[in-house]
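2 protein chains.
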Amino acid sequence: MDEVFAVIMAGGSGTRFWPLSRSAWPKQFLALAGGNESLLQQTVRRLAGVVPSNRVIVVTSEQHAQATREQLPDLPPDNVLAEPQGRNTAPCVAWAAAHVSARSAKAVMAVLPADPHIGDEPAYRKVLQQAIEAARDGGMVTIGVTPTRPETGYGYIEVGEPLGAGVRRVQHFFEKPDLPRAQRFLADGNFLWNSGMFFFRADVVLGEFERQLPDIYAFANECRKRLKTGPDLEFVRASYAGLTSISIDHGIMEKAGDLRVVPGSFGWYDIGSWTTAYELAPKDAQKNAVRAEVSLVESEGCYVRGEPGKLIALIGVHDLVVVDTEDALLIMPRDRAQDVRRVVEDLKAKKAKHFL
Amino acid sequence: MDEVFAVIMAGGSGTRFWPLSRSAWPKQFLALAGGNESLLQQTVRRLAGVVPSNRVIVVTSEQHAQATREQLPDLPPDNVLAEPQGRNTAPCVAWAAAHVSARSAKAVMAVLPADPHIGDEPAYRKVLQQAIEAARDGGMVTIGVTPTRPETGYGYIEVGEPLGAGVRRVQHFFEKPDLPRAQRFLADGNFLWNSGMFFFRADVVLGEFERQLPDIYAFANECRKRLKTGPDLEFVRASYAGLTSISIDHGIMEKAGDLRVVPGSFGWYDIGSWTTAYELAPKDAQKNAVRAEVSLVESEGCYVRGEPGKLIALIGVHDLVVVDTEDALLIMPRDRAQDVRRVVEDLKAKKAKHFL
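Residue numbers (the numbering used here), protein chains in the order written: chain A, 1 to 356; chain B, 1001 to 1356.
Please note that a few of the clues may not be correct.
[To be verified] SDA-like cross-link-like pairs, simulated, lysine to any residue; straight-line CA separation at most 25 angstroms:
| # | chain 1 | residue 1 | chain 2 | residue 2 |
| --- | --- | --- | --- | --- |
| 1 | A | K287 | B | R1342 |
| 2 | B | K1348 | A | A285 |
| 3 | B | K1353 | A | G309 |
| 4 | A | K287 | A | G153 |
| 5 | A | K353 | B | E1298 |
| 6 | A | K255 | A | K350 |
| 7 | A | K350 | B | P1308 |
These aren't lab readings, by the way, just hints derived from the structure by calculation.
Take these sequences, add in the hints, and give me the full structure.
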């Protein structure tokens, strides 16, 4: 049986978790889902028993490579690939495919985002195994999550006919819907949330790149050749900026042949904002989610996050997000989480980069 | 002409400005009214031209004596009297009277709280001079502030017949009224706010102590005798705890003979809570009063106070008080300022004394 590699995409530099996430310390390094493990550490640990750590590859930015290696001391340092620029996810997957291919041409790659929350890990690992198996014969596989609400923040997958135990044909990918459409998707029963997890053999995905994104294929093929005799980093640095910037979803998956989906339910949550972090967090009787030293007087429904040794006192407030770090403090109603970017834009405009 | 001394009562240890005020750093040390001077420093500076600094006496607690001397480097260190315990204001005034009397038996004492805000300092100094003059012949004098609104947070003075230029008889002192009563006081036109500033000769107030509070008189008289030959501190430490604990208002002024009041208008404000601090502070177009590095998105009517180098971002909130210090943060609606004590009580109950 061919080997299995995990490719974790950890290129995020999002601003939605400001002020806890910073350009130098993005979301995947944060413990946003309870406990002390970062999202990235959880994503790697969850693979235990499925993919050994020497076959876990993490693609991140040059800026974050060092912190990534420090957060994942069990990984061989060379398994952390540092992108010289962000070029969306297609070049990232192709580069990782070159590395996998250089080690084992027909290995299955499990391409996983660094930052989802997964509530039921045993169920997740079972689905993961099914998806890996479904990719062994050359299929392009994704995992679809059975929806539990008319969520407008996720993409959807319409499923087609069964292809075997636990595997269905992908009928169509849909972008994030509006609410009426999301409600129809949920009622229909034939739609799954797109988890952004993809499974394919290295040779198969490289074949799709050759067909759909030839410039990226040429890049990956050159990397693969160079890796037979030495490092590819000099070549990557010289050529990465010129690659087509496109997502693996749009660039490859949506136009690939033989698309399959493994449906699953494993408490999957895309932690996309402070609102989601609040929803996932354990709460007290007043529905406050607290990760700080606090004194709360008649306050309800608040998400409070602080630093050790700092007291946060709330009197008579409700449904606020309060995130306090050493040099920045954010206060907003829980339903304004999408506007965190406006603070980030304001700070950029003020050239207050030390707060970003 | 006999000398004039100022006696500044700086014994406060209030909790209404937590977390900026602490047991080790109370309100009078804070710059609460704009600018960088503390309330205490402003109170002393305002006396310039009326009372020279070597005749300004500050009574504070032992705990705060050192900080008081540091905030007022122009005062002779011996002019800061350190109470071994808080015994309300009557013993404090009597002790100061002993010190004044030992230096000049018939000197006029201007007894002033450490922490009012005064918007019109020239007008204030004029009223101060009038009150001092009105005390020279043996009267007990207070300053009454012409009310501008039906304030329920202050005591009131009903004025009687004129006694000369700018001086009226005190008819009666009233405690803080309810709103209908405060409205009647305002409409009546014969009522003034009690500023808590008192003026009398040292010999006259000691005579009133002898008549009304003989234990405190005996204490003050013994201090006065000892001061002729040396310090009185050992005696004060041994006897202070046993003195009647009562305010100068209730213990002396209300039952004194020949009570006079000088009415005045000089932008007087008792900064009693964060709500008042907001009212006094300069505001931007969105009615935010900001003393911090901020990024404000659709936020109005907030009082924001932080430390240098710390960014405070508000999104979509209104009428909040946000006070951020190195080790404690307070967030509440502006109209909940009276509940700050509940946090302080909570912290006491939790034995989290380092935050107090």
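What's the verdict on A/K350 and B/P1308, does the C-alpha distance respect the 25 angstroms limit or exceed it? OK: A/K350 and B/P1308 at ~17 angstroms, within 25 angstroms.
Against the 25 angstroms threshold, does the CA-CA distance of A/K353 and B/E1298 hold or violate the hint? Holds. A/K353 to B/E1298 sits at ~22 angstroms (cutoff 25 angstroms).
Checking one constraint from the list: CA of B/K1353 to CA of A/G309, max 25 angstroms. Satisfied? holds, 13 angstroms
Is the hinted pair A/K255 and A/K350 satisfied, with a Cα-Cα distance of at most 25 angstroms? violated, 43 angstroms
Verify the proposed pairing of B/K1348 with A/A285, using a straight-line Cα cut of 25 angstroms. Since the Cα atoms of B/K1348 and A/A285 sit roughly 22 angstroms apart, the hinted pair holds (cutoff 25 angstroms).
Please verify whether A/K287 and B/R1342 have alpha carbons no more than 25 angstroms apart. OK: A/K287 and B/R1342 at ~20 angstroms, within 25 angstroms.
Straight-line alpha-carbon gap A/K287 to A/G153, limit 25 angstroms: holds, 23 angstroms
Violated hint: 6 only; the structure is consistent with all others.
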